[in-house]
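Single-letter residue listing:
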Amino acid sequence: MWNLLQIELFKIFKKPRTYLAFAIIAAFIFLIQLGLYVNGRDWMMFMLGSLGETMNIEYDKLVNGYAVCYFVLNLLLVHVPILVALVAGDVVSGEASMGTLRLLASKPVSRTQIILAKYAAIAVYVFALLLWIAVISLAVSIAVFGRNDLVVAKTTGLQLIESGDVLWRYFCAFGFAFIAMMVVAAISLLLSTLSENSIGPIVATVGIIIVCTLISEMEIPLYQQYIKPYLFTTYMLGWKGFFYIGSTADGETIKGSIQYLPGIVKSLAALLLYIAALVAASVYIFRKKIFYPKIIL
Amino acid sequence: MKTIMLILAGFQFSPITQAQDIQLLVQKVKEKINLVNDYDAKGTMKTNVTFLKVPVAAVNVYFKKPNLLKIKNEKGISFIPKGAVNINMNNVLNSGNYSVLDAGNDKIGNTAVRVVKLLPEADTGDVILSTLYIDAVNQVILKTKTTTRDNGTYELEMSYGKYIAYGLPDKIIFTFNTKDYKMPKGVTFDFDDGTKKRTGGEKLKNQKGKMEISMSSYSINKGIADSVFK
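Chains as they are written, first to last, in our numbering: chain A, 196 to 492; chain B, 264 to 493.
In short, the hints are calculated from the structure, not lab data. Hints are not guaranteed to be accurate.
What the hints assert, rightly or not - Straight-line alpha carbon distances no greater than 27 Å define the calculated BS3-like cross-link-like pairs of lysine-lysine that follow:
| # | chain 1 | residue 1 | chain 2 | residue 2 |
| --- | --- | --- | --- | --- |
| 1 | A | Lys-450 | B | Lys-309 |
| 2 | A | Lys-349 | B | Lys-309 |
| 3 | A | Lys-256 | B | Lys-309 |
| 4 | B | Lys-305 | A | Lys-450 |
| 5 | A | Lys-450 | B | Lys-380 |
| 6 | B | Lys-380 | A | Lys-349 |
| 7 | A | Lys-209 | A | Lys-349 |
| 8 | B | Lys-442 | B | Lys-291 |
| 9 | A | Lys-256 | B | Lys-338 |
| 10 | B | Lys-406 | A | Lys-450 |
| 11 | B | Lys-473 | A | Lys-256 |
| 12 | B | Lys-345 | A | Lys-349 |
| 13 | B | Lys-333 | B | Lys-345 |
| 14 | B | Lys-305 | A | Lys-256 |
| 15 | B | Lys-295 | B | Lys-380 |
| 16 | B | Lys-309 | B | Lys-335 |
| 17 | B | Lys-335 | A | Lys-256 |
| 18 | A | Lys-349 | B | Lys-295 |
| 19 | A | Lys-256 | B | Lys-370 |
| 20 | B | Lys-295 | A | Lys-256 |
| 21 | B | Lys-471 | B | Lys-425 |
| 22 | B | Lys-493 | A | Lys-256 |
| 23 | B | Lys-295 | B | Lys-471 |
| 24 | A | Lys-349 | B | Lys-493 |
| 25 | A | Lys-256 | B | Lys-406 |
| 26 | B | Lys-406 | A | Lys-349 |
| 27 | B | Lys-380 | B | Lys-485 |
| 28 | A | Lys-450 | B | Lys-295 |
| 29 | A | Lys-349 | B | Lys-442 |
What the hints assert, rightly or not - Here are the simulated distance ranges between beta carbons:
| # | chain 1 | residue 1 | chain 2 | residue 2 | range |
| --- | --- | --- | --- | --- | --- |
| 30 | B | Val-363 | A | Gly-244 | 21 to 27 Å |
| 31 | A | Leu-270 | B | Ser-477 | 47 to 53 Å |
| 32 | A | Val-233 | B | Ser-477 | 39 to 45 Å |
Quick caveat: nothing in here was measured; it's all calculated off a predicted structure. Ideal Cβ positions, reconstructed from N, Cα and C, are used throughout, including at glycine.
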């Protein structure tokens with residue numbers, strides 16, 4: 196299994212498109228950091244809206260490394276699934292189109308092991324991608340903008356999390372984001388086992404994410420009640436739950452608390468269920484797959 | 264006949280005497296407050312506003328005559344209500360010329376207080392009317408209500424301890440009007456855990472907010488640089 200994983204990792208990290216994702220993320224985060232370095236105060240004033248009419252706010256202190264990272268994650272984690280699909284959608288179908296999949300299936304390893312090794316290799320890629328995001332969005336932002344309390348804007352109001360109470364929330368959020376991205380990877384893997392070319396699974400995965408996200412966010416009762424609870428995109432935003440701090444009846448925040456812990460646990464459980472179901476389906480389909488010899492004219 | 268004349272004279276002159284009393288009382292409170300040229304107070308600040316969730320903050324309150332006041336959270340960030348400058352009585356009593364009106368007696372808790380209304384003579388300032396509830400025995404202000412032109416009404420409640428000789432409170436509760444808060448559209452998707460319906464785009468209407476500062480110590484008349492207030 197370890198050898199299989201090494202081979203799959205070699206295949207993934209040999210492709211230039213794998214590094215494209217890292218470059219895109221670096222460029223994107225750099226642009227956000229540059230923008231906030233120049234106009235961070237204006238951005239924060241926009242974020243806090245009319246609050247400035249009632250309160251004296253230290254906007255410059257609010258634009259700190261933690262806030263920049265939170266902003267980056269809000270924008271980026273919606274798009275990272277596309278970068279995950281770019282690699283995960285290719286792992287089986289790419290080999291099918293090249294004709295190497297039949298050769299691989301003829302090796303003395305089970306087809307289940309092949310699929311699991313491929314999924315494990317994708318997990319390494321996703322982990323590396325999120326680690327990359329963490330390093331440049333969190334570590335670099337802290338180095339450039341410094342640390343201070345984090346202000347989190349919700350539709351119901353604002354909350355302030357003390358500087359010393361933030362870092363562990365990021366670790367948990369990135370951990371949660373990893374699970375969420377692995378659902379996307381599992382969808383791509385499943386579609387990849389069904390296809391003979393790479394483009395189809397990649398586009399289909401992106402399409403599914405877009406449609407599901409739109410339905411999740413539409414305030415239409417029919418979708419909210421009957422469809423939203425079954426969509427994986429509903430649970431992918433669970434990482435934000437780590438930044439919703441608990442408070443007393445007076446609105447005083449409780450250090451180290453999470454407002455909706457059961458909601459996060461439920462989301463995590465739903466995502467893990469999705470992963471199990473999708474990977475099992477991928478294994479089943481791959482095991483039943485008949486490999487015809489590829490005839491190149 | 265002589266007694267009746269004396270009683271009538273007493274009735275005739277009592278409003279003037281009362282007015283003089285109240286002027287004197289305000290003057291005495293002012294004198295007490297004027298003993299303080301500057302101070303640096305350490306304390307904790309608790310903010311209670313419907314749409315804000317903030318931790319209790321360790322703050323430093325700096326004051327310097329005539330009307331400089333700054334509340335600083337040295338370690339983190341605090342949202343300070345506009346109008347918080349009025350938590351210093353010096354800023355209220357030395358803010359220009361005003362007419363002093365006696366508004367009778369009242370009680371705050373078990374303490375009997377004199378109610379005084381201050382009407383600014385200039386009609387261009389933000390403050391329209393200030394009502395002071397003065398503890399005549401200790402010559403300190405226990406409560407104020409300030410009506411402003413643009414920022415609604417502020418209320419201030421103060422309790423005193425070891426710095427009562429300077430008219431400096433141990434605890435201040437500042438009540439103020441909060442305006443609508445509306446989060447900008449499209450900034451972020453909220454995480455919905457299913458336990459609470461979202462209030463997307465919904466405005467949080469005008470309500471009262473409260474800021475409570477408990478002072479642990481004052482450093483009085485030691486001098487404070489102007490740069491602190493920038």
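A quick look at each hint next to the structure:
1. Using a Cα cut-off of 27 Å, the hinted pair A/Lys-450 and B/Lys-309 holds, with the two alpha carbons roughly 14 Å apart.
2. A C-alpha spacing of about 21 Å is found between A/Lys-349 and B/Lys-309, which places the hinted pair at or below 27 Å, so the restraint holds.
3. At roughly 19 Å between alpha-carbon atoms, A/Lys-256 and B/Lys-309 fall within 27 Å of each other, so this suggested pair holds.
4. Taken as a hint, the B/Lys-305 and A/Lys-450 pair is honoured in the structure, with Cα atoms around 22 Å apart against an allowance of 27 Å.
5. A C-alpha spacing of about 43 Å is found between A/Lys-450 and B/Lys-380, which places the hinted pair above 27 Å, so the restraint is violated.
6. A distance of roughly 42 Å separates the Cα atoms of B/Lys-380 and A/Lys-349; the hinted pair therefore is violated under the 27 Å criterion.
7. Taken as a hint, the A/Lys-209 and A/Lys-349 pair is broken in the structure, with Cα atoms around 42 Å apart against an allowance of 27 Å.
8. Of the pairs offered as hints, the one joining B/Lys-442 and B/Lys-291 is violated, with about 37 Å between alpha carbons and a cut-off of 27 Å exceeded.
9. Straight-line distance between C-alpha atoms of A/Lys-256 and B/Lys-338 comes to about 11 Å, which keeps the hinted pair within the 27 Å bound.
10. Restraint check for B/Lys-406 and A/Lys-450: not satisfied, since their Cα atoms lie roughly 33 Å apart, outside the 27 Å limit.
11. Restraint check for B/Lys-473 and A/Lys-256: the C-alpha separation of about 23 Å stays at or below 27 Å, so the hint holds.
12. Among the hinted pairs, B/Lys-345 with A/Lys-349 is consistent with the structure: their alpha-carbon atoms are about 23 Å apart, no more than 27 Å.
13. For the hint pairing B/Lys-333 with B/Lys-345, the CA-to-CA distance comes to about 11 Å; that is within 27 Å, so the pair holds.
14. Straight-line distance between C-alpha atoms of B/Lys-305 and A/Lys-256 comes to about 21 Å, which keeps the hinted pair within the 27 Å bound.
15. For the hint pairing B/Lys-295 with B/Lys-380, the CA-to-CA distance comes to about 19 Å; that is within 27 Å, so the pair holds.
16. Of the supplied pair hints, the one linking B/Lys-309 and B/Lys-335 holds, its CA atoms being roughly 13 Å apart against a limit of 27 Å.
17. A threshold of 27 Å between alpha carbons decides the hint, and for B/Lys-335 with A/Lys-256 the separation of about 12 Å falls inside it, so the pair holds.
18. Between A/Lys-349 and B/Lys-295 the CA atoms are separated by roughly 46 Å; this puts the pair beyond 27 Å, and the hint is violated.
19. Using a Cα cut-off of 27 Å, the hinted pair A/Lys-256 and B/Lys-370 is violated, with the two alpha carbons roughly 43 Å apart.
20. Distance check on the hinted pair: B/Lys-295 and A/Lys-256 sit about 37 Å apart at the alpha-carbon level, beyond 27 Å; violated.
21. Among the hinted pairs, B/Lys-471 with B/Lys-425 is inconsistent with the structure: their alpha-carbon atoms are about 30 Å apart, more than 27 Å.
22. Straight-line distance between C-alpha atoms of B/Lys-493 and A/Lys-256 comes to about 15 Å, which keeps the hinted pair within the 27 Å bound.
23. A threshold of 27 Å between alpha carbons decides the hint, and for B/Lys-295 with B/Lys-471 the separation of about 31 Å lies outside it, so the pair is violated.
24. Of the supplied pair hints, the one linking A/Lys-349 and B/Lys-493 is violated, its CA atoms being roughly 31 Å apart against a limit of 27 Å.
25. Distance restraint check for A/Lys-256 and B/Lys-406: the Cα-Cα separation of roughly 33 Å exceeds the 27 Å cut-off, and the hinted pair is therefore not satisfied.
26. For a cut-off of 27 Å, the pair hint linking B/Lys-406 to A/Lys-349 is broken: about 35 Å separates their Cα positions.
27. For the proposed pair B/Lys-380 and B/Lys-485, the alpha carbon gap of about 33 Å is over 27 Å, so the pair is violated.
28. Restraint check: the Cα-Cα separation between A/Lys-450 and B/Lys-295 comes to about 41 Å, which exceeds 27 Å; the hinted pair is violated.
29. For the proposed pair A/Lys-349 and B/Lys-442, the alpha carbon gap of about 17 Å is at most 27 Å, so the pair holds.
30. At roughly 41 Å, the beta-carbon separation of B/Val-363 and A/Gly-244 lies outside the given 21 to 27 Å, and the hint is violated.
31. A hinted range of 47 to 53 Å is violated for the C-beta pair A/Leu-270 and B/Ser-477, which are about 40 Å apart.
32. The hint said 39 to 45 Å for the Cβ distance between A/Val-233 and B/Ser-477, and at roughly 40 Å that hint holds.
Checked against the numbered hints given earlier, the structure breaks hints 5, 6, 7, 8, 10, 18, 19, 20, 21, 23, 24, 25, 26, 27, 28, 30, 31 and satisfies all the rest.
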